[in-house]
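Residues per chain are reported as follows:
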Amino acid sequence: DTEVTQTPKHLVMGMTNKKSLKCEQHMGHRAMYWYKQKAKKPPELMFVYSYEKLSINESVPSRFSPECPNSSLLNLHLHALQPEDSALYLCASSKQGVEETQYFGPGTRLLVL
Amino acid sequence: AQKVTQAQTEISVVEKEDVTLDCVYETRDTTYYLFWYKQPPSGELVFLIRRNSFDEQNEISGRYSWNFQKSTSSFNFTITASQVVDSAVYFCALSEATKAAGNKLTFGGGTRVLVKP
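Here the protein sequences come in this chain order: A and B. Going left to right, the first sequence walks through residues 7 to 119 as my numbering numbers them. Going left to right, the second sequence walks through residues 210 to 326 as my numbering numbers them.
No lab work stands behind these hints: they were computed from the structure. Every residue, glycine too, gets a C-beta built ideally from N, C-alpha and C. A few of these clues could be false.
Said to hold, decoys possible - Rough simulated footprint, nothing fancy, chain B against chain A, three-plus residues with beta-carbon under 8 Å:
| no. | stretch |
| --- | --- |
| 1 | 21-31 |
| 2 | 47-55 |
| 3 | 95-104 |
Only chain A is shown next, with the shape it has when bound in the complex (with noise of 0.2 Å):
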């Protein structure tokens, strides 16, 4: 079972909202990712999780928070977001190792107002 799952698949907000998604795996993966995807563009790397602790934080805004509450589950909260925050957000999962697998889940659609 190769499965990430993603709530919600889609998300209008306003500006002065305060949201959260939601990742979960149970393929035991102690890395876990959150990726933006802009429209026709690659996935960008936000964050990495390893053994639920930050790794990577690529200079991300204050506005996302990330939060990995144990080892299936990852959240992303959202706070004061911009109109050009407005993406496909992905999460992803692998075991540990450069060589490792990253599994993708099936995004959620963010649109900010």
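Dock chain B against chain A, hints included.
Same frame as chain A, but now just chain B:
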């Protein structure tokens, strides 16, 4: 810094034609890993293949085949007898070892494949 280039931004073919997607990469690492992903309109990135730098064997999986040539830093992907369901964006990616835990993927810009009936 690592770099992946997919020179073809869009390819349009008629069903049953073959289509080859080019991928050229740059890295200073002696050991590295290359991937191909498919992204249909639904948005999910679907893993297709992983290849490590010390295994230059070409691979065939059904209608898909991959040609890895270390001498030219290329990892090309061919779809044989294309079908409408192959319509998607295809990304080539290179895995980068980091000092921090977790790996980083450097993606190419993607090639959009449109298969017409």
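Hints, verified against the model:
1. 21-31: violated (count 0)
2. 47-55: Held - the stretch 47-55 of chain A has 6 residues with a Cβ nearer than 8 Å to chain B, which meets the minimum of three.
3. 95-104: Per the Cβ count (6), the hint holds.
Violated hints amount to a single one, hint 1; each of the other numbered hints is respected by the structure.
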